[in-house]
Amino acid sequence: MPQVSVRNTASARDDRRWIESVYRDYLADLAPEATGVFPRLGEVGHREPDQLSRWFADRQAQVLTILYGDAPVGFAMVRHRAQRALESVADPAEFFMAEFFIARSWRRRGIGAQAVRLLFDRFAGQWLITEPERNEGAVTFWRGVVAAYTRGNYREYRINGEVQQRFESGPKRR
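FYI, in my numbering the residues of the sequence shown are 1 to 174.
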C-alpha cells in the first residue's frame with residue numbers, strides 16, 4: 001500500500017509544474033465561497049504565474065508537495081512566524097497553514113489528514129489554522145484533524161468570519 005509523504009517543492013521542478021497544472025482546480029475550490037479575497041484569473045497583477053511566483057519566492061513560507069507513493073496528489077504552504085492583521089490573541093503563532101489542497105480524485109481517502117499530521121510533526125511549535133466560517137467542509141476537516149492530532153488539546157476561536165484553531169505541535173507534544 002502506498003504511503004503518504006511530503007517534500008519541499010523548491011527541490012523538485014516537476015512538483016512545481018504539477019502545482020501549476022492543478023492551480024485552477026485549487027482556485028475553483030475557493031471560488032464557491034465568493035469572499036472576494038481571492039482574485040479572478042486574468043486580473044492585472046493576479047495572473048496565475050504572478051500568484052505562483054509569489055508563493056515560491058516567499059522567504060517566510062515553504063511550499064510542499066503531498067505525495068501518495070510517488071504520485072503528487074496535493075500541496076501545502078506553511079508560513080513561518082504568522083503575523084496576521086486579524087489576530088486578536090496575544091500569542092502569535094510560529095506556523096500558519098497558508099494553503100492546503102488535495103486533488104479531487106484523491107480526496108476522502110485519509111491522505112489529507114495523514115499529510116497534515118506529517119506537516120505538524122515536521123514544523124513543531126505553535127500553530128494557527130484558519131478557515132472561513134461559511135466553508136463548513138473546511139471547518140469540519142480542520143477541526144477533526146486538529147482534535148485528533150492534539151487529542152483535544154487545542155483552542156478554537158471565531159473571529160471576523162473565520163474559525164481559528166491554535167495548538168502546539170510536534171511528535172513529543174501529542
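Bear in mind the hints are in silico, worked out from the structure with no lab data behind them.
Cβ atoms here follow ideal geometry from the backbone N, Cα and C, with glycine treated the same way.
One should not assume that every hint holds.
As the list claims (entries may be wrong) - The calculated label-pair distances, taken between Cβ atoms and stated as ranges, are:
1. Arg24 - Arg151: 16 to 22 Å
2. Arg143 - Arg54: 25 to 31 Å
3. Leu27 - Arg108: 28 to 34 Å
4. Glu168 - Pro2: 29 to 35 Å
So, going through the hints one by one against the coordinates:
1. Evaluation of the 16 to 22 Å hint for Arg24 and Arg151 yields a failure: the beta carbon distance comes to about 37 Å.
2. For the hinted restraint 25 to 31 Å between Arg143 and Arg54, the CB-CB distance of approximately 29 Å keeps it satisfied.
3. The hinted range of 28 to 34 Å is not satisfied by Leu27 and Arg108, whose Cβ atoms lie roughly 21 Å apart.
4. As the Cβ distance of Glu168 to Pro2 is approximately 30 Å, the hint placing it in 29 to 35 Å holds.
The earlier numbered hints that this structure contradicts are 1 and 3.
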